[in-house]
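Asks: Generate coordinates for the entire structure from the input sequences, incorporating the hints supplied.
At position 44 of the sequence shown (counting the first as 1) the number is 44 in my numbering, and the numbers step up by one without a gap.
Quick caveat, the hints were computed from the structure, so don't treat them as lab data. Some hints here could point you the wrong way.
What the hints assert, rightly or not - Cβ-Cβ distance ranges computed for the label pairs, FRET-style:
1. Asp-289 to Ala-56: 40 to 46 Å
2. Glu-251 to Gly-23: 18 to 24 Å
3. Glu-110 to Val-24: 25 to 31 Å
4. Asp-249 to Gly-38: 34 to 40 Å
5. Gly-155 to Val-70: 23 to 29 Å
6. Asn-22 to Leu-285: 32 to 38 Å
7. Ala-56 to Arg-308: 44 to 50 Å
Keep in mind the model is a prediction, meaning the values are calculated, not measured. No residue lacks a Cβ here, since even glycine has one placed at the ideal position from N, Cα and C.
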Amino acid sequence: MQIDRIGWDIGGAHLKAAGLANGVVVAVAQRPCPLWRGLDHLHAAAASIVEELAPAAGCRHVLTMTGELVDLFEHREQGVLGLLAAMREHCPVEQLSVFAGPQGFLPAAEVDARHVAAIASANWLATGLYAAGRIASGLLVDIGSTTTDILVLHGGTVSYRGYSDFERMRYDELVYTGAVRTSLMALTPHAPFRGEWVRLMAEHFATTADVYRLLGDLPAHADQADTADGGPKTPEASARRLARMLGLDAESVAMADWVRLARYFRERQLSCVGDACARSESLGLLAEDAPLVGAGVGRFLVQELARRSGRPYLDFDDVLASSLSPAGFHAADCAPAVAVACLAEQNR
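Replies: Here it is as structure tokens:
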């Protein structure tokens with residue numbers, strides 16, 4: 001069954017895509033795409049995904065984005081229009097549309113500066129609108145590699161107070177913390193170590209990926225970002241990077257000490273996301289039995305938050321119809337790409 005629609009989610013660090021055939025999700029793909037290093041990374045990632053998905057002639061494409069924020073661009077207008085121009089080299093313009101939030105889907109050929117504010121960093125709304133059409137009440141928590149989106153699903157739509165990144169961060173609907181790329185110095189200024197509180201070095205020596213490698217939580221297929229030192233993605237190398245945060249060598253103590261330290265960083269991140277969830281829950285819009293809906297490669301943390309809150313857990317994978325293999329990337333890992341493709345299919 002050939003793919004007849006592809007949804008694209010252009011992030012600052014990864015490019016994600018979801019392929020539909022007759023309205024059913026049959027493929028998802030993700031490539032590392034460090035946009036801040038240049039558009040050539042986007043071109044390489046897009047070409048690789050198109051080759052993998054092998055869409056049918058006449059396949060329709062729809063995209064959403066957050067990558068316009070990277071410092072490759074001077075401002076968001078340049079970013080939105082630049083990313084769209086780049087994708088037009090991989091998707092026929094007459095078959096390409098762009099998600100513009102409340103404005104719906106716009107033909108790529110008609111997009112100009114007037115539409116930038118609606119298009120910029122709107123991928124969260126695509127995820128929320130799709131899920132809200134299937135869940136009467138719930139708190140959707142999408143923990144990706146870099147950021148976390150927290151969305152109240154209520155009455156068949158998304159109840160949100162902010163739209164832009166700035167507004168959403170004010171309301172804790174966007175939390176800049178993720179399961180792979182977040183620098184550990186962003187989680188806490190100090191950590192307990194062998195009975196003492198130790199100040200952390202304010203250096204990009206280690207990331208949350210190191211924490212979740214040590215704890216065995218991070219799926220191997222999702223571990224695509226560069227390490228802080230360019231070194232291996234092993235528990236031993238991750239322990240070395242954590243040790244640097246304390247000014248130590250990993251060999252100075254037992255591996256069990258580094259695992260305990262990793263657990264503390266995990267608790268700090270859970271607390272950060274949990275507090276933001278509590279703020280949204282305090283609006284009083286959720287039913288008492290409303291689930292936490294987990295999406296993103298870090299949704300293993302959402303499962304734990306649901307357990308602690310006493311709410312049921314619902315995986316984004318179980319919200320949609322798909323025929324994906326259980327191996328590799330899941331639809332939930334690429335929720336905005338899946339959602340934007342499905343919404344476009346519903347609105348054609």
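Asks: Against each hint, give a clear statement of whether it holds in the structure.
Replies: Results for each hint:
no.	hint	result
1	Asp-289 to Ala-56: 40 to 46 Å	holds, 42 Å
2	Glu-251 to Gly-23: 18 to 24 Å	violated, 55 Å
3	Glu-110 to Val-24: 25 to 31 Å	holds, 29 Å
4	Asp-249 to Gly-38: 34 to 40 Å	holds, 36 Å
5	Gly-155 to Val-70: 23 to 29 Å	violated, 35 Å
6	Asn-22 to Leu-285: 32 to 38 Å	holds, 35 Å
7	Ala-56 to Arg-308: 44 to 50 Å	holds, 46 Å
In this structure, the earlier hints numbered 2 and 5 are contradicted, and the remaining ones agree with it.
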